[in-house]
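K.L.:
Read off the chains here:
Number of protein chains: 2
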Amino acid sequence: MISQKLVKKLADKKYRVETGLFFVEGRKSIFELLDSDFDIVAIYGTSDFILAIEKQLLSLKKEVAGVIQSCISVTEETLVKIGTLKSNNAGIAIAVQKKKVSLEHILDVAKTDIVLVLDDVHDPGNLGSIIRTADWFGVTHMVTSETTADLYNPKTIAATVGSFTRVSVTSLALSEFLESVREHGIPIMGALLDGKNIFDSKTAKHGVLVMGSESHGINDELKQYISDAVTIPRFGNAESLNVSVATAVLLAELRRVHI
Amino acid sequence: MISQKLVKKLADKKYRVETGLFFVEGRKSIFELLDSDFDIVAIYGTSDFILAIEKQLLSLKKEVAGVIQSCISVTEETLVKIGTLKSNNAGIAIAVQKKKVSLEHILDVAKTDIVLVLDDVHDPGNLGSIIRTADWFGVTHMVTSETTADLYNPKTIAATVGSFTRVSVTSLALSEFLESVREHGIPIMGALLDGKNIFDSKTAKHGVLVMGSESHGINDELKQYISDAVTIPRFGNAESLNVSVATAVLLAELRRVHI
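Protein chains in written order, with our numbering: chain A, 1 to 259; chain B, 1 to 259.
What the hints contain is simulated information worked out from the structure, not anything from laboratory work. Errors might be hidden in some of the hints.
A pair counts as met if it fits within one copy or between any two copies, since identical chains are not told apart.
Simulated crosslink set (DSSO-like; lysine-lysine; CA at most 30 Å straight-line) [said to hold, decoys possible]:
id	residue 1	residue 2
1	K61	K5
2	K223	K28
3	K196	K28
4	K9	K86
Please read these numbers as outputs of a predicted model, since none were measured by experiment.
Generate the whole structure from the sequences, applying the supplied hints.
P.N.:
Shown next as structure tokens:
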């Protein structure tokens with residue numbers, strides 16, 4: 001039994017690391033969780049929402065009993081108290097974090113498709129929005145630096161709007177990772193301000209795409225690994241683009257040219 | 001003389017409307033403000049930052065005396081107290097809001113270039129990020145529904161990273177506005193989930209591009225005005241894209257095909 005006190009603690013990375021658990025808030029995200037292969041250990045929800053879960057599981061043709069047994073009926077006030085949302089008329093589900101995907105598997109994916117790599121994206125809202133964008137453009141694997149925001153931060157999970165169930169995000173030491181990518185002869189694209197114009201250069205159909213931090217771009221230490229520096233051409237005067245916006249424009253273009 | 005008390009009140013839309021003033025926080029944004037044609041009425045800053053302003057004005061070849069006279073030296077603690085940032089080692093500048101751009105002028109722009117229209121974008125962070133993206137892609141005029149977040153909200157201003165000085169944003173009743181656009185025979189593009197694939201359809205070189213709200217897309221009342229419904233093709237499983245991300249992908253594509 002997961003106590004209300006533990007749920008509240010899971011907003012804190014320290015307790016997420018200690019327990020291997022995390023939580024998901026709100027109707028839409030919990031429905032996506034039910035439809036995924038994440039292990040759910042408990043759901044605090046309003047009694048209406050617990051009925052809705054039962055219906056949803058039936059419509060998904062999933063086994064109902066186990067999940068319903070782990071549901072605990074509480075008031076909306078309790079949900080707000082133990083969670084992070086300002087209002088929550090549905091529930092909070094507690095689930096088990098996924099095991100890390102192996103380096104070998106990620107390299108295999110990068111041999112035929114795009115793997116998105118984030119260096120130092122601190123803002124969980126940006127990370128979540130990027131996961132959602134990756135999901136839209138069919139990117140299934142991401143690698144993040146150890147300094148990037150935590151996938152299981154409640155703000156990240158909320159900003160993915162359910163896409164955290166479909167995109168695998170693995171935190172790795174990026175210089176070692178990119179070293180391996182290079183050894184395997186896989187193209188390493190990177191968003192830099194002085195790269196080739198993405199709109200009229202030949203881009204790789206597969207490989208990794210590295211995006212840097214909100215304020216400093218790609219780390220100097222990592223720049224040496226970039227084999228294809230790319231840039232979104234500027235038509236006006238803004239100094240830079242938000243990292244989640246830049247990622248979206250690049251992924252859209254990579255997909256467009258290789259449809 | 002603008003009192004500290006009034007500055008604090010300007011975080012509130014009611015007082016911004018009453019006074020016609022707004023504030024800008026932090027080094028980069030204030031430097032962009034100094035380089036713009038906004039009228040600055042006061043700057044609260046650390047003494048170091050006031051020296052930096054003097055230098056900046058000299059390097060911009062701008063008149064120094066007037067602005068420096070309106071500078072008031074305060075501590076970092078005071079800046080945090082009267083502003084909205086968690087830390088601020090630079091300053092807060094109070095400036096006069098711009099006059100509304102006329103409908104005629106906006107229609108003129110839409111006859112040769114893209115005017116971006118936002119319906120119901122509630123989140124000031126999204127609005128700010130969209131203004132920054134518009135600035136990057138050389139879009140100089142935006143129109144927002146009266147239900148969209150306020151341009152002069154401190155969160156919007158911060159998220160534009162200075163682009164609020166270069167992109168004009170006019171709040172209008174959208175159905176009347178789009179009625180006029182249509183009467184002038186100007187193309188009205190709109191982002192809809194069932195529009196034409198933006199990657200392989202002929203898009204207009206000029207006209208207005210309408211983006212809907214984060215959760216409900218373009219209002220039913222406004223859909224009738226859309227002459228060119230466009231969609232970003234989906235390669236994966238996310239249900240939708242963040243509105244600032246979708247705007248960026250569409251603007252990038254409109255610029256790419258008409259370079």
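K.L.:
Hint by hint, note whether the structure agrees.
P.N.:
We went through each hint and held it up to the structure:
no.: 1; hint: K61 with K5; in the structure: neither (33 Å within a copy, 60 Å between copies)
no.: 2; hint: K223 with K28; in the structure: between (39 Å within a copy, 26 Å between copies)
no.: 3; hint: K196 with K28; in the structure: between (40 Å within a copy, 27 Å between copies)
no.: 4; hint: K9 with K86; in the structure: both (17 Å within a copy, 24 Å between copies)
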